[in-house]
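S.K.: Residue strings, one per chain:
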Amino acid sequence: MIQKKICMLGSFAVGKTSLVRRFVESIYTDKYHTTVGVKVDKKVLNVGEQETTLLLWDLEGAETEYDLRKSYLRGAAGYLLVADGTRKDTLYRALSLQLRAEETLGPVPFLLLLNKSDLTDMWEIDARERAAIEQKNWKIIDTSAKTGHGVEDAFRSLTEKMMEKHNG
Amino acid sequence: MADLPGPIREFIDALTDELLAPAFMLVSDDGGLIDWGGALSSYEIGGMEENMQVGDHVPFLMGLLPLDSGSVFLPKVQTAPQVFADVYLFRRHEVTWILLLDATDDVKKRQALQQRTYDISLRATELEHEGRTLYDANSRLAERVKEQTSELSQTVVRLQQELAEGRQIEQALHASEARFRSLFDSNVMGIVYFDSAGNIFESNDTFLQLLGYSRDDLKRGLLTWSQIAPIVAEVGSSNPQETLRQQEFIRKDQTRISLLFATAPQIEAPGNRIGFAISFSQPKSTQASS
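If you read the protein sequences in the order shown, they are chains R and P.
The letter at position 123 of the first sequence is residue 123 when you use the working numbering, and the numbering goes up by one with no holes.
The letter at position 249 of the second sequence is residue 249 when you use the working numbering, and the numbering goes up by one with no holes.
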């Protein structure tokens, strides 16, 4: 059995916990509950013929790269950077958290999730900003923990990338 | 700590037991469990067996073992619903010690404060959004008001022009009426107003004199079309282009008089007509003096 640790990184209230709950339990609740510390969940995912146990580390929101504890990242095979499409500042925070994560973990696979795609009429992140990020060869996936849009795709894509690295 | 007297050390141990529920696991370099103890059950960690792979059994330890050197601190790890532990990993004598200390109360306190702080921050963001939406709506409204004001100004200018034109028309009409009134009063010709039923309701003095009636007769209604022109079937003509013709009228004294006569529709009172009469047998000056 292959086990991989994934960290959820992002500012507060971007939907990290909701994304994990949607992926693991297929549950969503509108009420916001802040995360303190870290909560670890498990989910088994089949990628190709390989069964992989994902350990999902849902970290409390980090407002600066210095809020992100390196010890939480230890042993992670990949991470999901989460930003809230309706709050542009959360994208900038995700960008600075990525630097911190890469400094700690090295070049492990990661994806940028623009969450709350059910509220695109309220989005502050526009095509120009997306294009600038995509120019860095980052993969961006729009997600909605509320509707489930893009959630399975996000975790599966990251797992595939981690498995490519694992196998190759 | 080494020079603390026995009772103090015992008190600290008791206090730690009571407040921090210490628990431990001792793990070999291959991740196998060597020993465990303390209040592990309060973190809902159970079913431990010697040599079991700790990383498989305790998810948050996966990927952390073996610890090559130094120590790792994982604050506030949720080990079960509403149960949190501060987790310390450190290496001593070729094995890794894992120490858990209860952090649940600390987390609860911090959670309440953090929740409140973030709720306020999110509300502030919402208000900022609303403010921006209102500002945009206000800008659109101001733009619309500007457009409508411009349209209104153009309408006002157009109305003022129409009003000025109306005043000019009115003045022209008054001038025309004044000119006609002077013609009416000059008694150069007989002028008479009548309706489609043959009722004569206005006349100048010349017309009255031509037919031998007084103004008092006119007021009393003695002057009617049937009396002055009984042989004419129709009262005037509906043809506005009616030509001047010779017509015989009956005077009050029942004598007959032949007049050059024409009628025209009265523009301001549709259905009524104006008649113009000139005596070609007797000049006006002669009549006036007779």
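Worth flagging that the hints you see were computed from the coordinates, not collected in a lab.
Note that the Cβ used here is the ideal one computed from N, Cα and C, for glycine as well.
Among the hints, erroneous ones may be present.
[Said to hold, decoys possible] Far from chain P by the CB rule (all over 12 Å, computed), these chain R residues: (1) 49; (2) 89; (3) 163.
[To be verified] Pairs of lysine-lysine, DSSO-like flavour, derived with a Cα cap of 27 Å: (4) R:165 x R:139; (5) R:70 x R:139; (6) R:88 x R:31; (7) P:146 x R:70; (8) R:146 x R:42; (9) R:31 x P:108; (10) R:88 x R:139; (11) R:42 x P:108; (12) R:31 x R:136; (13) P:108 x R:70; (14) R:165 x R:88; (15) R:161 x R:31; (16) R:146 x R:165; (17) R:42 x R:136; (18) P:219 x R:31.
S.K.: Against each hint, give a clear statement of whether it holds in the structure.
M.R.: Against the structure, the hints:
1. At roughly 21 Å, the least C-beta separation between residue 49 (chain R) and chain P is larger than 12 Å, which holds for a residue marked as non-interface.
2. With a cut of 12 Å on Cβ distances, residue 89 (chain R) falls inside the contact zone with chain P, its closest approach being about 9 Å.
3. Its beta-carbon lying about 16 Å from the closest one in chain P, residue 163 (chain R) satisfies the requirement of being farther than 12 Å from that chain.
4. Between residue 165 (chain R) and residue 139 (chain R) the alpha-carbon distance is near 16 Å, which keeps this suggested pair within the 27 Å criterion.
5. Proximity of residue 70 (chain R) to residue 139 (chain R) is assessed by CA-CA distance (about 24 Å); at most 27 Å being required, the pair is judged to hold.
6. As the CA atoms of residue 88 (chain R) and residue 31 (chain R) are separated by approximately 21 Å, the hinted pair is consistent with the 27 Å bound.
7. For the suggested pair residue 146 (chain P) and residue 70 (chain R), the alpha carbons sit about 58 Å apart, so the restraint of at most 27 Å is broken.
8. Distance check on the hinted pair: residue 146 (chain R) and residue 42 (chain R) sit about 20 Å apart at the alpha-carbon level, within 27 Å; holds.
9. Simply put, residue 31 (chain R) and residue 108 (chain P) have alpha-carbon atoms about 18 Å apart, close enough for the 27 Å limit, and the pair holds.
10. As the CA atoms of residue 88 (chain R) and residue 139 (chain R) are separated by approximately 18 Å, the hinted pair is consistent with the 27 Å bound.
11. For the proposed pair residue 42 (chain R) and residue 108 (chain P), the alpha carbon gap of about 24 Å is at most 27 Å, so the pair holds.
12. Proposed proximity of residue 31 (chain R) and residue 136 (chain R) is contradicted: the alpha carbons are some 35 Å apart, above 27 Å.
13. Note on residue 108 (chain P) and residue 70 (chain R): the hinted pairing holds, with a Cα-Cα distance of about 23 Å set against a maximum of 27 Å.
14. In summary, the hint linking residue 165 (chain R) to residue 88 (chain R) is not supported, as the alpha carbons are separated by about 32 Å, beyond the 27 Å threshold.
15. Annotation: proposed proximity of residue 161 (chain R) to residue 31 (chain R) is violated, straight-line Cα distance about 32 Å (limit 27 Å).
16. Distance restraint check for residue 146 (chain R) and residue 165 (chain R): the Cα-Cα separation of roughly 31 Å exceeds the 27 Å cut-off, and the hinted pair is therefore not satisfied.
17. Our distance criterion of 27 Å between C-alpha atoms is broken by residue 42 (chain R) and residue 136 (chain R), whose separation comes to about 31 Å.
18. Only pairs whose Cα atoms come within 27 Å are accepted, and residue 219 (chain P) paired with residue 31 (chain R) is rejected, the gap being roughly 95 Å.
When held up to the earlier numbered hints, the structure conflicts with 2, 7, 12, 14, 15, 16, 17 and 18 and fits the remainder.
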